[in-house]
Amino acid sequence: MKRALALLLTGVFSLSVLLTGCGNSDNGTNQTDASNTGSVADSAGETKAGDAGSEQTTVVFAYWGAESENNAIKNVIADFEANNPAIKIEAQWIQSDYLTKVQVQIAGDTAADVYLMSASDLPGFADNYIAQEADTANYLSENLIESLTIDGELKSKPFIVKPKVMAINKTLFEEKNIDIPSLTESMTVQEFEDLAVQFVKEESSPQIFGSEPLWLTNWIYAFNGSYYTSDGMASNLTSSETIAAANFAIRSKELGYVPNDTQKEGQSMMDWFLSGRIAMYTDFGPWNIPQMEEVEGFEWELLIFPGNGGAKEVNGLSITKTSRNKEAAQIFVDYLCESERAQSIIGGDKSAYGVPVNPNVVRDFESIYEGKNLAAFVNAAYNQTPSETQKRTNEINSIHDRISDETLVGSGELTPEEVFPSIAEAVTSIIQR
Amino acid sequence: MNIIQNLRELFLKIGVPESIVPVCTFALIIVLAVGVIYAILRLLLAIKKINSATKSFYLFVTPWILGFLIFTLGPMLYSLYISFHDWELVKAPTFSGFDNYSRMISDPLVRKSLSVTFTYTFIAVPLQVMLAFIIASLMNMKLEGIKIFRTIFYLPTLVQGVAQTVLFIWVFNPNVGIINSVLRIFGIEGPGWFSDPNWSLPAVIIMSLWTVGGSMIIYLAGFQDISVSLYEQASVDGARSVHKLFYITIPQMTPIIFFNMVTAMIGAFQTFTQGYLLGGGKNNSLLFYSYYLYENAFMWFKMGYASALAWLLFTIILIFTLLVFRSSSMWVYYETEMSGNRRKKNEKKNDK
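If you read the sequences in order, they're chains D and P. For what it's worth, the numbering used here labels the leading residue of the first sequence as 741, then goes sequentially. For what it's worth, the numbering used here labels the leading residue of the second sequence as 87, then goes sequentially.
FYI, nobody ran anything at the bench for these hints, they're computed from the structure. Do not rely on the hints blindly, as some may be mistaken.
Straight-line distance between alpha carbons at most 30 Å, and here's what the computed DSSO-like set of lysine-lysine pairs gives [unchecked claim]: (1) D/841 to P/177; (2) D/1131 to P/177; (3) D/841 to P/99; (4) D/1004 to P/198.
Please read all numbers here as calculations on a predicted model, not as lab measurements.
The task is simple: from the sequences and hints, build the whole structure.
So, in structure tokens, the structure goes:
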């Protein structure tokens, strides 16, 4: 009897495990095939889901950003859902370690349907996204689409642009009787250096500087250099333009118009600018605009970045190959990227999320802060070079850290001419692996 | 066959809230696993292969065994498997044989990270052991209010990891940090600490001494355990404090020193937080091995290579732990048992 009971128990439990493993794998009710929703495209580029009788489809949208940017995204999602009642957007706001979490989600088969991707990070993930189509007429410039194209396929549709401009402390200019530079024309890099040196005031307490420490990437592009060759197959660090940019950054420390390594240790340069210690802040992005509300005691303005401009970050929306709701996801992506209404909501938001990619609504971005030259951002969005991309960006960046560690650009003691060739060789070997 | 996916869909179908479906799935799998094991044990008991006590033993220890298999041994074996593959996490792994292991030999950053880790371990661990011992011996004094001082020395232990590192970034700030500010009072211009590649590792070593309070408590308990009669007898024989320290206190404390040394050494080899928060330091001066492993896995998408690095770290820690255990017979004294060598020597003497 006991033996029979024991055998029965063993059999029941083993069978239950087998049955759960071998059961069918129909989808649950929450994520139905997107083809059930149907969609209608209207002449303004808006698409609407099918009638209220269809089951609601959920599209999971993952993105990063500060809290103000999250609020801007939520506003545009709310507008989309109001116009597309058959599609519900589940927002996944990832506040930190975004790329790591995207990696883990994809590897763990829990990927979102739509991901916000930066052009510089896209190559590492491109194989997981479907190819999309975009009409260049709907975007500020063709290079936005090119920056998100991998191996001839558009793997992420341009959504927002985050270029760099230069913020200046007008009060310091007036104290020095220096004319405010042109708001519509960029100064040359030499003019920038000549200006910056005039603001150095060692005897003042706290000390005033012409600029924050120069971020090499911006100045490489300002000098018309690049990190990689035009075909992207090798490092371009040894080009004369790139080395000239590095020497320009070294000279900024020698001339004393930027804080040295000891002075800047543990300090926020943006805080220094906001407190009036820096005359020209060159690494100024749209996300810094809300911080300008904290400015007290001086007037500020925005100028176009010197030379050929800094680097602009292009962000796009990608749809995963594993998405079960590709059609609904595409409707959502098309709405966010090409609808003037959506671009106006996101681009005109007080969080200054970024410059909209739709040329018809850039005025909404410019009007965020009346009286300030936000047109400088729009100019940069049109003309600046998108940040270059490589498949192994993070690994290559760790090699590029040698620029700061070993050369006078950072805390090292060697010249760029001595170190850049070996760095270029290491980077090229990674690219061509 | 995808058991987990099917169970999740089953729970969703019967109306379980989506937020608790993972918990329910996991719980059901555990219940089923325990049920299968119970049924097998009942069967073995019924056919008299095991007795009732054995059945009860395995039943009670099953949850631990399941946890060990699922959360420890299973992932370890999978990482060993992955170490022989190229895996970028977002794509399927491809077999690469011993490529990852041979790459470690020629990777300069592996040598650099091992150098940083070994330097930190073999300087910080002895310093931590000695400092904790010295502080504990002071805290063992019979003075009024000594308990307050014991609390004060223990409190820093509560601030570890990220909070400790962020705090010490400010303590070691070359401009406004307290260390350099105090040095300036004496006319000494302090180093750059974390901004100077020659001083960043010494700064981390100094930082590690902040949390010796945990070891101090263990030493303190050990001091209480030393028989007072030993000190009394030594006093009668004319021993001074120094003699008592070296011939009574330290030998009696060697088991605790041994324990603290082993745990501190294992922890030091796995140092990660400081390297991570300081970005590997200037010129990779704080490129700890665990941090380099993390970079390969989660920043550079080289999961196969990172798995190989993990097994190298495991091997290194295992070797050094075994070395310390092996050496313990020469210097660790157990009051209640004699060490193997001493016992054998005495047995040989008795045989003669």
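Next item on the list: Could you grab the alpha-carbon distance between residue 1131 of chain D and residue 177 of chain P and see if it respects the 30 Å cut-off?
Entry: holds (13 Å)
Next item on the list: Take a quick look at whether residue 841 of chain D and residue 177 of chain P sit within 30 Å of each other, Cα to Cα.
Entry: holds (15 Å)
Next item on the list: Compare the distance between the alpha carbons of residue 1004 of chain D and residue 198 of chain P with 30 Å, and conclude whether the hinted pair is satisfied.
Entry: holds (27 Å)
Next item on the list: Measure nothing beyond the straight line between the CA atoms of residue 841 of chain D and residue 99 of chain P; if it is 30 Å or shorter, mark the hint as holding.
Entry: Given pair residue 841 of chain D, residue 99 of chain P holds - Cα atoms ~28 Å apart, limit 30 Å.
Hint check: no violations occur; every hint is consistent with the structure.
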